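Please model the entire structure based on the sequences and the hints provided.
Which chain is which? The protein sequence lines are X and C, in order.
Residue numbers for the first sequence follow the numbering used here, so the first one is 0 and each next one is one higher.
Residue numbers for the second sequence follow the numbering used here, so the first one is 0 and each next one is one higher.
Careful, some of the hints might be misleading.
Which copy? The list can't say, so a pair holds if one copy fits it or any two copies do.
[Said to hold, decoys possible] In silico DMTMM-like cross-links for lysine to aspartate or glutamate, where the CA-CA straight-line distance does not exceed 25 Å:
| id | residue 1 | residue 2 |
| --- | --- | --- |
| 1 | Lys160 | Glu88 |
| 2 | Lys71 | Glu445 |
| 3 | Lys71 | Glu274 |
| 4 | Lys71 | Glu132 |
| 5 | Lys160 | Asp239 |
| 6 | Lys160 | Asp138 |
| 7 | Lys71 | Glu388 |
| 8 | Lys160 | Glu141 |
| 9 | Lys71 | Glu141 |
| 10 | Lys71 | Glu2 |
| 11 | Lys71 | Glu356 |
| 12 | Lys71 | Glu359 |
It is worth saying that the hints were derived from the structure and are not from the lab.
Being a predicted model, the structure only gives us computed values, none of them experimental.
Protein chains: 2
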Amino acid sequence: MPERIEVDTVIVGAGLAGLTAARDLVAAGRDVVVLEARDRVGGRTLNHALSDGTVVEVGGQWIGPTQLRMAKLVADLGLETFATYGEGEHVLRFGTSLARYRGAIPRISPVVLADMGQAQARFDRLAQRVPLEAPWAADRAEAWDSQTFATWIRRNVRTAKGRALFDLFAEGVFAAEPGDFSLLHALFYTHSGGGIDMLAGTRGGAQQDRFVGGSQLVALGLAEQLGDRVRLGAPVRRIDHRDAGVTVLADGILATGRDVVVAVPPTLAARMLYEPALPGYRDQLTQRVPAGSVIKCNVVYDAPFWRDDGLTGQATGDRGPVKVTFDNSPPSGTPGVLLGFLEGEHARRLNRFAPAERREAVIGSLVDYFGPQARSPIEYVELDWSEEEWTRGCYGAHFPTGVWTQYGPALRASIGHIHWAGAETATVWNGYMDGAVQSGERAAAEILNP
Amino acid sequence: MPERIEVDTVIVGAGLAGLTAARDLVAAGRDVVVLEARDRVGGRTLNHALSDGTVVEVGGQWIGPTQLRMAKLVADLGLETFATYGEGEHVLRFGTSLARYRGAIPRISPVVLADMGQAQARFDRLAQRVPLEAPWAADRAEAWDSQTFATWIRRNVRTAKGRALFDLFAEGVFAAEPGDFSLLHALFYTHSGGGIDMLAGTRGGAQQDRFVGGSQLVALGLAEQLGDRVRLGAPVRRIDHRDAGVTVLADGILATGRDVVVAVPPTLAARMLYEPALPGYRDQLTQRVPAGSVIKCNVVYDAPFWRDDGLTGQATGDRGPVKVTFDNSPPSGTPGVLLGFLEGEHARRLNRFAPAERREAVIGSLVDYFGPQARSPIEYVELDWSEEEWTRGCYGAHFPTGVWTQYGPALRASIGHIHWAGAETATVWNGYMDGAVQSGERAAAEILNP
Numbered sequence: 000m001p002e003r004i005e006v007d008t009v010i011v012g013a014g015l016a017g018l019t020a021a022r023d024l025v026a027a028g029r030d031v032v033v034l035e036a037r038d039r040v041g042g043r044t045l046n047h048a049l050s051d052g053t054v055v056e057v058g059g060q061w062i063g064p065t066q067l068r069m070a071k072l073v074a075d076l077g078l079e080t081f082a083t084y085g086e087g088e089h090v091l092r093f094g095t096s097l098a099r100y101r102g103a104i105p106r107i108s109p110v111v112l113a114d115m116g117q118a119q120a121r122f123d124r125l126a127q128r129v130p131l132e133a134p135w136a137a138d139r140a141e142a143w144d145s146q147t148f149a150t151w152i153r154r155n156v157r158t159a160k161g162r163a164l165f166d167l168f169a170e171g172v173f174a175a176e177p178g179d180f181s182l183l184h185a186l187f188y189t190h191s192g193g194g195i196d197m198l199a200g201t202r203g204g205a206q207q208d209r210f211v212g213g214s215q216l217v218a219l220g221l222a223e224q225l226g227d228r229v230r231l232g233a234p235v236r237r238i239d240h241r242d243a244g245v246t247v248l249a250d251g252i253l254a255t256g257r258d259v260v261v262a263v264p265p266t267l268a269a270r271m272l273y274e275p276a277l278p279g280y281r282d283q284l285t286q287r288v289p290a291g292s293v294i295k296c297n298v299v300y301d302a303p304f305w306r307d308d309g310l311t312g313q314a315t316g317d318r319g320p321v322k323v324t325f326d327n328s329p330p331s332g333t334p335g336v337l338l339g340f341l342e343g344e345h346a347r348r349l350n351r352f353a354p355a356e357r358r359e360a361v362i363g364s365l366v367d368y369f370g371p372q373a374r375s376p377i378e379y380v381e382l383d384w385s386e387e388e389w390t391r392g393c394y395g396a397h398f399p400t401g402v403w404t405q406y407g408p409a410l411r412a413s414i415g416h417i418h419w420a421g422a423e424t425a426t427v428w429n430g431y432m433d434g435a436v437q438s439g440e441r442a443a444a445e446i447l448n449p
Numbered sequence: 000m001p002e003r004i005e006v007d008t009v010i011v012g013a014g015l016a017g018l019t020a021a022r023d024l025v026a027a028g029r030d031v032v033v034l035e036a037r038d039r040v041g042g043r044t045l046n047h048a049l050s051d052g053t054v055v056e057v058g059g060q061w062i063g064p065t066q067l068r069m070a071k072l073v074a075d076l077g078l079e080t081f082a083t084y085g086e087g088e089h090v091l092r093f094g095t096s097l098a099r100y101r102g103a104i105p106r107i108s109p110v111v112l113a114d115m116g117q118a119q120a121r122f123d124r125l126a127q128r129v130p131l132e133a134p135w136a137a138d139r140a141e142a143w144d145s146q147t148f149a150t151w152i153r154r155n156v157r158t159a160k161g162r163a164l165f166d167l168f169a170e171g172v173f174a175a176e177p178g179d180f181s182l183l184h185a186l187f188y189t190h191s192g193g194g195i196d197m198l199a200g201t202r203g204g205a206q207q208d209r210f211v212g213g214s215q216l217v218a219l220g221l222a223e224q225l226g227d228r229v230r231l232g233a234p235v236r237r238i239d240h241r242d243a244g245v246t247v248l249a250d251g252i253l254a255t256g257r258d259v260v261v262a263v264p265p266t267l268a269a270r271m272l273y274e275p276a277l278p279g280y281r282d283q284l285t286q287r288v289p290a291g292s293v294i295k296c297n298v299v300y301d302a303p304f305w306r307d308d309g310l311t312g313q314a315t316g317d318r319g320p321v322k323v324t325f326d327n328s329p330p331s332g333t334p335g336v337l338l339g340f341l342e343g344e345h346a347r348r349l350n351r352f353a354p355a356e357r358r359e360a361v362i363g364s365l366v367d368y369f370g371p372q373a374r375s376p377i378e379y380v381e382l383d384w385s386e387e388e389w390t391r392g393c394y395g396a397h398f399p400t401g402v403w404t405q406y407g408p409a410l411r412a413s414i415g416h417i418h419w420a421g422a423e424t425a426t427v428w429n430g431y432m433d434g435a436v437q438s439g440e441r442a443a444a445e446i447l448n449p
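In structure tokens form, the structure reads like this:
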């Protein structure tokens, strides 16, 4: 017989969204239980200790300007942040040719720069015309949602290098190819995060700062305050929902309450059994919002040798398989850690490599960017989020064509006593930690002020 | 304790795919059990008895030329077919203006006809360039898969009416909007069924003939031959798969065998628990292949009054909500039954209407096409397939942009002893009954000739 728990609100998922909802409900005097499938909290944030004890993140890791909810959590939990390493020059690789540059603007031909600048300005202008609460209500919503971001790029970016940089933006920010999602989604998401420069940038952008000790400390700190309200190893299988309240069955636990907050990605929310079954409109939404594809690789060296070479460790290239890198060394600078992302098509392709082959391919890219010293790491740590049974893809969900306009209103609409949270349901910083926190606050508010 | 069953092969789903696989395996001397969630067989085919006993279908219902596997089943099971009613003139409605025409070519302006003809020829030519076994290997696969069918229509069809007719084709055949899926998918699916005329046509096309007594008789006949190997009311919750074989847990039944055939739509296949969990590449595929949206409405009259008016009962219109109709009367012609389809965006919108409002809207469309006599049916039967917990959408799945090229190879690839069937996995008549049968035959062959 499962253990029986009676509370006011049952929360499914101990990522930042679920933990935030729990925090707000507890602060308002409600009883809650948080049922988490994994044996850990944090969802898409996850610390990993290297063999020398240094903590690196294998999941989401940055905090940037305007992410006010995360900044407040950092302060509330007494955590510290530090700047992502950025001294020196970045590397840009087109084909086999390498360029080094300083600051935000790569040293490429003025024709490409003008092309990019014009396209970016146009895109950012369009993005601001998408209402964050209701992307489907944009004046050109239907036209924007029936074409892919790739179609827009092909029409609006004239140079091959400019298109390659837009592709990089899609892969780096959405972990998907520009052909995978709609222009309306690209515009919404960009507006939600504050523009292309904000999403793509390091200094002044979403990759600006890091967490001392790793980003999972935020979830761990929240969970600590919740104490034994958080139950690990309890994947939820079934949610019975009636006018009188809900019954949530997890492995080993049967929790009853008035409300339930489902704080997992939409595609996973669809995999639990609901009794009665959910309305078709909601069900069809959850068939249509896949998670992106990313394998995050931390490659560890005795020292950050690229720094001696005057490099920031930030590289981008149009070939891959690693198309984006960062210096991910700890604040002390030792060991040196290069972060390499496999995103979109490269993540999908290398997912099917044997581990040793994939490692070889990743390190090969780092050698292309940073020279032969990159050939011999002392440690290699990767996480393919598509293989994680309780996430099934990162960074977040992207909306293919037609989904925002046809199903958007179902994304946050509660169904009886079922409330939906998670970074995918956020209006600001959708898909980011800050968005996850916003979604948890919103779900708690729905329950506290029905 | 669940009942324990030991067989060679466990089959999940008693639609045409699962039943066909079972038939072939039994014919080869294998023991099978077919576990079906519902209390009936037939999947997306379903007969419904009107109050006078007349049988109409609320699911898939037609059989046409080149559907050789279904034709053979009809013969094997001793069933009979009859021609879809087609005497007289069809109705075409643009805006509020009605035209009547005979045969396949509507009486519209020569400019529109030329535009349509040219676009259709171009589309059919492209379709033939998509390899049915491997759409991702088409020479222009990447370009075709990074744009929507809507984008192609906008570029290749010049007249507003021509575009409206292509939209109708998308809705009628895919139960989705042309912005919902990729051009590559549109081309693959069209090639798979034999061209636009074959898919859209009545005489000489996929809607040519009907089943005396209703199309579900095929599944019922197959199930009868399988006898107590078919277990109803047994939704499968979990599949354990090891080198030695599989264990399949359904409500009330624990079945073990060497192989399992999962013969349900991809999106539902993702909702069972697999132990060990499925590879990320397969899982991400199933996040990306949503089912279409259709509400099928049978509207019953004392007599087929439109026949007296010289009409076939086949109408199309660009406004909706019902954009396609057929005469669905039984062979005797009494009662008169008009079939009205709500497809794509209209299905999604009217899904959220109250039943009486939806009925009113559907009948309103029939009045628009067939005059005031359509105002007063004696019976009204509808089925919204998105609300069906064990289907969650019809007619079949469509592939949004990027899915065929990035995930196509995962569609049929067996994983250990798990084999995949269902109309979505077919190479010919994908999404149709004939494709379901092909997929069942293929899955059985995989097991018999490993």
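Hint check:
For the homomeric pair lysine 160 and glutamate 88, the shortest alpha-carbon distance inside one copy (20 Å) is at most 25 Å, but the shortest distance between copies (56 Å) is not. For the homomeric pair lysine 71 and glutamate 445, the shortest alpha-carbon distance inside one copy (21 Å) is at most 25 Å, but the shortest distance between copies (57 Å) is not. Taking the closest pair of Cα atoms, lysine 71 and glutamate 274 never come within 25 Å of each other, the shortest separation being 38 Å inside a single copy and 40 Å across copies. Only within a single protomer do lysine 71 and glutamate 132 lie at most 25 Å apart by alpha-carbon distance; the minimum there is 23 Å, versus 54 Å between protomers.
Taking the closest pair of Cα atoms, lysine 160 and aspartate 239 never come within 25 Å of each other, the shortest separation being 53 Å inside a single copy and 48 Å across copies. Taking the closest pair of Cα atoms, lysine 160 and aspartate 138 come within 25 Å of each other only across two copies (23 Å); inside a single copy the shortest separation is 31 Å, beyond that limit. For a Cα distance limit of 25 Å, the shortest separation of lysine 71 from glutamate 388 qualifies neither inside one copy, at 31 Å, nor across copies, at 42 Å. In this assembly of identical chains, lysine 160 and glutamate 141 lie within 25 Å of each other by CA distance solely across copies; the values are 18 Å between and 29 Å within a copy.
Proximity of lysine 71 to glutamate 141 under the C-alpha cut-off of 25 Å is found in neither arrangement, the shortest distances being 37 Å within a copy and 44 Å between copies. For the identical chains of this complex, lysine 71 and glutamate 2 are neighbours neither inside a copy (36 Å) nor across copies (55 Å), given an alpha-carbon limit of 25 Å. Proximity of lysine 71 to glutamate 356 under the C-alpha cut-off of 25 Å is found in neither arrangement, the shortest distances being 42 Å within a copy and 49 Å between copies. Proximity of lysine 71 to glutamate 359 under the C-alpha cut-off of 25 Å is found in neither arrangement, the shortest distances being 41 Å within a copy and 53 Å between copies.
Hint violations for this structure: numbers 3, 5, 7, 9, 10, 11, 12, all remaining hints satisfied.
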